[in-house]
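In order, the protein sequences belong to chains W and R. The first sequence begins at 1 in full-length UniProt numbering and counts up one residue at a time. The second sequence begins at 1 in full-length UniProt numbering and counts up one residue at a time.
It is worth saying that the hints were derived from the structure and are not from the lab. Note that CB positions come from ideal geometry on N, CA and C, so glycine has one too. Incorrect hints may have been included.
To be verified - The calculated DSS-like cross-link candidates involving lysine-lysine, where the alpha carbons are at most 25 Å apart (straight line), are: (1) R:79 to R:67; (2) W:200 to R:395; (3) W:197 to R:67; (4) W:197 to R:274; (5) W:197 to R:467; (6) R:244 to R:255; (7) R:668 to R:574; (8) R:467 to W:239; (9) R:67 to W:200.
Stated by the list, open to error - According to the in silico footprint, chain R covers these stretches of chain W (three or more CB under 8 Å from chain R): (10) 63-70; (11) 124-135; (12) 278-287.
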Amino acid sequence: MSADPRLRSRAQQQQQAAAVPPPPPPPMEPQPQPMGMDGANDAPAGQKDAVVDRFNLKFCTVCASNQNRSMEAHLQLASANLPTISFGTGSLVRLPGPSVDEPNVYRFNSTTYEAIHNELAQQNTQLYTANGLLNMLGRNLTIKRFPERFQDWVPGKPRLDHEGDKGAHGTEAGVVDVVITCEERCFDAVLDDLHNKGGKLNRPVHVFNVDIRDNHQEALVGGKAILDLALSLNEAAGKERDIHGDNGWDRGSGSARGGFDERVPEIVAAWQERWPNLPALWSLAWV
Amino acid sequence: MHPSLEQLENARSLALGDGRYYSTIVPGVMPIIGVQAPDTTSIEVRRWGADFLAETFASPTWAPEEKARLALTVLETLKLYLDTVQDRGVIKSAIQAAASIYPLVYRHIVSDRNDSHHWQLMLAIKSNILRQMDSAPSGVRICCVKFVQQVVLVQTPSVVDPRRSDPNDISLNLVPRDHPLMPYTSLEAEGQGLLDRLLGIIHGDHSDALLVTAVLNSLGTLIQRRPAVANKILTSVFNFNPLKLANAPMTSKNKVMMKSIERTTRSLLVNVIKRNPENPNNGRIHQFLETMHQRGRAALDETNRKRPAPVEPTDGLDPSKRMRLAAQPPGAGPSAAPAGPPPVAPLPPGPVSYRQLYTLNAEGNKAAFDVQMFQDPEQLLRILVPVLQSIDEVKLGHAINAVRSRYLALSKAAPNAAPAPATAPDDEDEYEPDFEPEDAEQVVNRLDGLSSTDNFPIPAAPLAPYKLPEVPPLTQQEVQVYGNLAVRQAFEMLAVAEEKEKSKTSKGGFNRLAASDFGRDAWITILSRLATRASAGLDDPDEGIKDEFVQEHAKGSLAISETVREGLLEYVMKDWKKRLDIAISWLNEEWYNDTVMAESARMAAKANNVNGNASRVVTHAPKSNYQTWALRLLDRIIVIVEYTDKILLRLLSEMPALDHEILRRIKKMAEDPERIDLACMVLQYLYMFRPPVRDLVVEVLTELWRENDRAKPSAAKWLNRWNPAVLQEEANGTAGNGGEVKMENGVGKESANGAFGVKAAL
Numbered sequence: 001m002s003a004d005p006r007l008r009s010r011a012q013q014q015q016q017a018a019a020v021p022p023p024p025p026p027p028m029e030p031q032p033q034p035m036g037m038d039g040a041n042d043a044p045a046g047q048k049d050a051v052v053d054r055f056n057l058k059f060c061t062v063c064a065s066n067q068n069r070s071m072e073a074h075l076q077l078a079s080a081n082l083p084t085i086s087f088g089t090g091s092l093v094r095l096p097g098p099s100v101d102e103p104n105v106y107r108f109n110s111t112t113y114e115a116i117h118n119e120l121a122q123q124n125t126q127l128y129t130a131n132g133l134l135n136m137l138g139r140n141l142t143i144k145r146f147p148e149r150f151q152d153w154v155p156g157k158p159r160l161d162h163e164g165d166k167g168a169h170g171t172e173a174g175v176v177d178v179v180i181t182c183e184e185r186c187f188d189a190v191l192d193d194l195h196n197k198g199g200k201l202n203r204p205v206h207v208f209n210v211d212i213r214d215n216h217q218e219a220l221v222g223g224k225a226i227l228d229l230a231l232s233l234n235e236a237a238g239k240e241r242d243i244h245g246d247n248g249w250d251r252g253s254g255s256a257r258g259g260f261d262e263r264v265p266e267i268v269a270a271w272q273e274r275w276p277n278l279p280a281l282w283s284l285a286w287v
Numbered sequence: 001m002h003p004s005l006e007q008l009e010n011a012r013s014l015a016l017g018d019g020r021y022y023s024t025i026v027p028g029v030m031p032i033i034g035v036q037a038p039d040t041t042s043i044e045v046r047r048w049g050a051d052f053l054a055e056t057f058a059s060p061t062w063a064p065e066e067k068a069r070l071a072l073t074v075l076e077t078l079k080l081y082l083d084t085v086q087d088r089g090v091i092k093s094a095i096q097a098a099a100s101i102y103p104l105v106y107r108h109i110v111s112d113r114n115d116s117h118h119w120q121l122m123l124a125i126k127s128n129i130l131r132q133m134d135s136a137p138s139g140v141r142i143c144c145v146k147f148v149q150q151v152v153l154v155q156t157p158s159v160v161d162p163r164r165s166d167p168n169d170i171s172l173n174l175v176p177r178d179h180p181l182m183p184y185t186s187l188e189a190e191g192q193g194l195l196d197r198l199l200g201i202i203h204g205d206h207s208d209a210l211l212v213t214a215v216l217n218s219l220g221t222l223i224q225r226r227p228a229v230a231n232k233i234l235t236s237v238f239n240f241n242p243l244k245l246a247n248a249p250m251t252s253k254n255k256v257m258m259k260s261i262e263r264t265t266r267s268l269l270v271n272v273i274k275r276n277p278e279n280p281n282n283g284r285i286h287q288f289l290e291t292m293h294q295r296g297r298a299a300l301d302e303t304n305r306k307r308p309a310p311v312e313p314t315d316g317l318d319p320s321k322r323m324r325l326a327a328q329p330p331g332a333g334p335s336a337a338p339a340g341p342p343p344v345a346p347l348p349p350g351p352v353s354y355r356q357l358y359t360l361n362a363e364g365n366k367a368a369f370d371v372q373m374f375q376d377p378e379q380l381l382r383i384l385v386p387v388l389q390s391i392d393e394v395k396l397g398h399a400i401n402a403v404r405s406r407y408l409a410l411s412k413a414a415p416n417a418a419p420a421p422a423t424a425p426d427d428e429d430e431y432e433p434d435f436e437p438e439d440a441e442q443v444v445n446r447l448d449g450l451s452s453t454d455n456f457p458i459p460a461a462p463l464a465p466y467k468l469p470e471v472p473p474l475t476q477q478e479v480q481v482y483g484n485l486a487v488r489q490a491f492e493m494l495a496v497a498e499e500k501e502k503s504k505t506s507k508g509g510f511n512r513l514a515a516s517d518f519g520r521d522a523w524i525t526i527l528s529r530l531a532t533r534a535s536a537g538l539d540d541p542d543e544g545i546k547d548e549f550v551q552e553h554a555k556g557s558l559a560i561s562e563t564v565r566e567g568l569l570e571y572v573m574k575d576w577k578k579r580l581d582i583a584i585s586w587l588n589e590e591w592y593n594d595t596v597m598a599e600s601a602r603m604a605a606k607a608n609n610v611n612g613n614a615s616r617v618v619t620h621a622p623k624s625n626y627q628t629w630a631l632r633l634l635d636r637i638i639v640i641v642e643y644t645d646k647i648l649l650r651l652l653s654e655m656p657a658l659d660h661e662i663l664r665r666i667k668k669m670a671e672d673p674e675r676i677d678l679a680c681m682v683l684q685y686l687y688m689f690r691p692p693v694r695d696l697v698v699e700v701l702t703e704l705w706r707e708n709d710r711a712k713p714s715a716a717k718w719l720n721r722w723n724p725a726v727l728q729e730e731a732n733g734t735a736g737n738g739g740e741v742k743m744e745n746g747v748g749k750e751s752a753n754g755a756f757g758v759k760a761a762l
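Given only the sequences and the hints, what does the whole structure look like? Please build it.
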């Protein structure tokens, strides 16, 4: 992760920096539509929101440490009422430390965001406020308890113990329909790990990569892009549920008639044209 | 929500909470979602049912045996879904469920050779799915692909090495040759045929990247778990062109699909390398990956740079297309090289290897000619010299010109082209820390022209026999860790057994065998005997003698007992009042073992005595584990005991042996004024009901009386009864020898004596 601070958060954090160590920042108000700081993209996803009680795909966001990009996307998807879980594919949670060669390293699945927040606040409040880490961790601890490792995820194992997480509603069964990674390395790690897991559930899962640079600003933009992709996919999946009966369920011709899975490539292509700076990849894998 | 859906959803969340409920919930919901349900059942319920079945039989939270039993009961429902329900969601989920169920039913039929009813149902489902695989929309076909993968998995033989066999791995190996319902050979043939169908998909039309990636992602498991077909699959993948779409118009959809297929192929192959680093195919995989990478770049760069160029030349220039035009007269495409009498094929776009640069006739057999075939340089010389002599000078001149002009054209393009290959490794580094194509190898590959770009020679030989890597020996530390883990697990199990036993109260009394069932008591007996007896007699009698090696050895052999003892102690201390019986039986075991050991030591001493070697042995009597652990236990309990805990009486009275050291702990306890009464009560009880230790009790009580002023009144009460002489003595010696005991406590003595004086006066 680069030390590129999130400008907005810097402004917010400046008052808090006085208190040593500061309490975890108050939960950020859910922002289905984050401030358009980039101003570059008027995504059609702008005002859309997944309708509750309608058929919803289940999403999973993945980055290296389950801290910045995947968590930003997790928050945005969950705030749009999409069932979401998130993971990291690294061997350990790595956060920037006092210098480039001294990263702060934590274990996955056990160290809570709160513990990390407290430790960093104690270590150097000034530094970690300035580079936005404390703000990020403060956001994360309102989303779920601790970073999780993708490779340790057992698909199909119920996640009832994650009930309090944002976006947990709908993910109780521990399966997802869509995995969105934030970096090609993670995309490869996910495909590789799914080979290792062996596809025991016989359940198809669409794996996407949206290449996002690892800094706060890009994560925010990337999160919007992922939300856009997710809503497009969800809409297509919802339409498939509407088609029923003799009027064409088994006729694959005609893209409008096509089911959800068939339409994915064209959805990605259309999405890619809307977000030309975030190169995308996609594969149909098995969990 | 539909009212019955709500109920169904409640049932489902119950099962999600605990997988064991599935075996009761599945039969419960089947009447609502299954064949028995009325035809008017809404599509929502059917969808829910199909999803539920897919989820249920995939769930890792319940036992495969139970799943297999219930799988038979849902077959008819699945068949109904597949045959009659016209809904994509239902069909997809039903196929997923079928993919999970097929191996279970397969194994059931293997063991129950007469159950043709269920097998027929399963076969009907299978043929329905296989039919769909050709005609259905791709979204359904991908589910069929996964089903077919499962069929291939169970209908091909698994590894023969029994060390690696997994009892849960369902494969063709399970099927006996004479099974009435499952003819071995036709199952095998069908498996092979279906695998061919799967592989056919990746060689087919790539405009449906969904299917292609679905197949590629399902091959990993097959390669890993079925080495018998791994070679066939890899060969097929090597002959597969992930960049087929480069020929099609480069729409953004095609671009995404091409990149996705390439990336998925790459993931599959990298996974193969990672999982088996010794695979003889790995060299070829590396080569394939690299070629694919270069060509992928070329294709994408080409389209990026030359998009406005006319479509036709792009086609003609494309390397993959060119491979397929072998029959066409060479030079049909627009030629980039100067046209000489022998027409020269143009260079492919993008980065070019030296081999490509010098190869003028890519279609000819000579392009694939490998000079390394000649092992013997002499033989090579014999052939080469006449060949060189026979060369037509004119032809050679043309060829040199052709290469020269190619080279010139390339060096003109170099400013553009050069950076591309140079940045390739950098780009890789950024995203692929796990897989870096080695630069040296790249260069060698480019230069030596070992392979043609597209087709790799694949030997027909089967994979080399798999050798299990040697397990590294456990370090001392690991042994310790795993040992401790085992002990901890034993105690965890104990806690579970205890819970189960709460209802049972009957005790066998004396008329039973120790450790005859799986109950808590049995485990306690086993554990405590393990702790006490397992290493009995193993400790070195020469323990006192300094010898590094011996000491280390002795430590190692006893560590396990000590670990178990620690475990027992902790287990008791977690709830000492309830587990006092465990403590007592454990201490009894310790005492018994000590006694036995002492006995045998005595015998040994006797024997040694004869040899005139007695002195040392006698001084090293076996150390008393009982003493050590009884004291540790008491020390732990004394700290937390309350003055109301009369259960301490029971512990002290049932401990197999008491000595001064142990009773001193009671004295210690009495230093807390609140617990003085408890201490006295213990001593009183022991005096009354354990005559052998009476003297000891009186002794301790005397000490208590002397040393502890606050305990004096209570102690005096009993001393007065059991050994008034002491009191008398004390009273007499108040001024004299009584001070010997508590010189330092003069003031207290005064007042205490005063109190005693009052008592005595009463």
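**Study point:** Restraint status (C-alpha distance of residue 668 of chain R to residue 574 of chain R at most 25 Å)
**Key:** holds (23 Å)
Point to revise | Outcome, coverage of the stretch 63-70 of chain W by chain R - at least 3 residues whose beta-carbon is closer than 8 Å to one in that chain | key: With 0 residues in contact (Cβ-Cβ under 8 Å with chain R), the coverage given for the stretch 63-70 of chain W is violated.
Check your understanding: Does the structure keep residue 197 of chain W and residue 67 of chain R at a Cα separation of 25 Å or less?
Key -> The given pair, whose Cα atoms are some 20 Å apart, holds under the 25 Å limit.
**Study point:** Pair hint residue 197 of chain W and residue 274 of chain R, alpha-carbon separation not exceeding 25 Å
**Key:** The given pair, whose Cα atoms are some 14 Å apart, holds under the 25 Å limit.
Check your understanding: Taking 25 Å as the top limit, are the C-alpha atoms of residue 467 of chain R and residue 239 of chain W close enough?
Key -> violated (52 Å)
Review point. Is it true that the CA of residue 79 of chain R sits at most 25 Å from the CA of residue 67 of chain R?
Key: holds (18 Å)
Point to revise | Whether chain R covers the stretch 278-287 of chain W (at least 3 residues having a Cβ closer than 8 Å to its Cβ atoms) | key: Coverage by chain R holds for the stretch 278-287 of chain W (7 residues, Cβ < 8 Å).
Practice item. Verify the proposed pairing of residue 67 of chain R with residue 200 of chain W, using a straight-line Cα cut of 25 Å. Key: Holds, at about 14 Å.
Review point. Can the restraint linking residue 244 of chain R and residue 255 of chain R be considered satisfied, given a maximum Cα separation of 25 Å?
Key: holds (11 Å)
**Study point:** Hinted pair residue 197 of chain W and residue 467 of chain R, Cα distance within 25 Å
**Key:** Within the cut-off at roughly 23 Å; holds.
Check your understanding: Within a Cα-Cα threshold of 25 Å, do residue 200 of chain W and residue 395 of chain R meet the stated pairing?
Key -> violated (62 Å)
Point to revise | Coverage claim, chain R over the stretch 124-135 of chain W, checked by counting residues with Cβ within 8 Å (three needed) | key: violated (count 0)
Hints 2, 8, 10, 11 from the earlier list are contradicted by this structure; the remaining hints agree with it.
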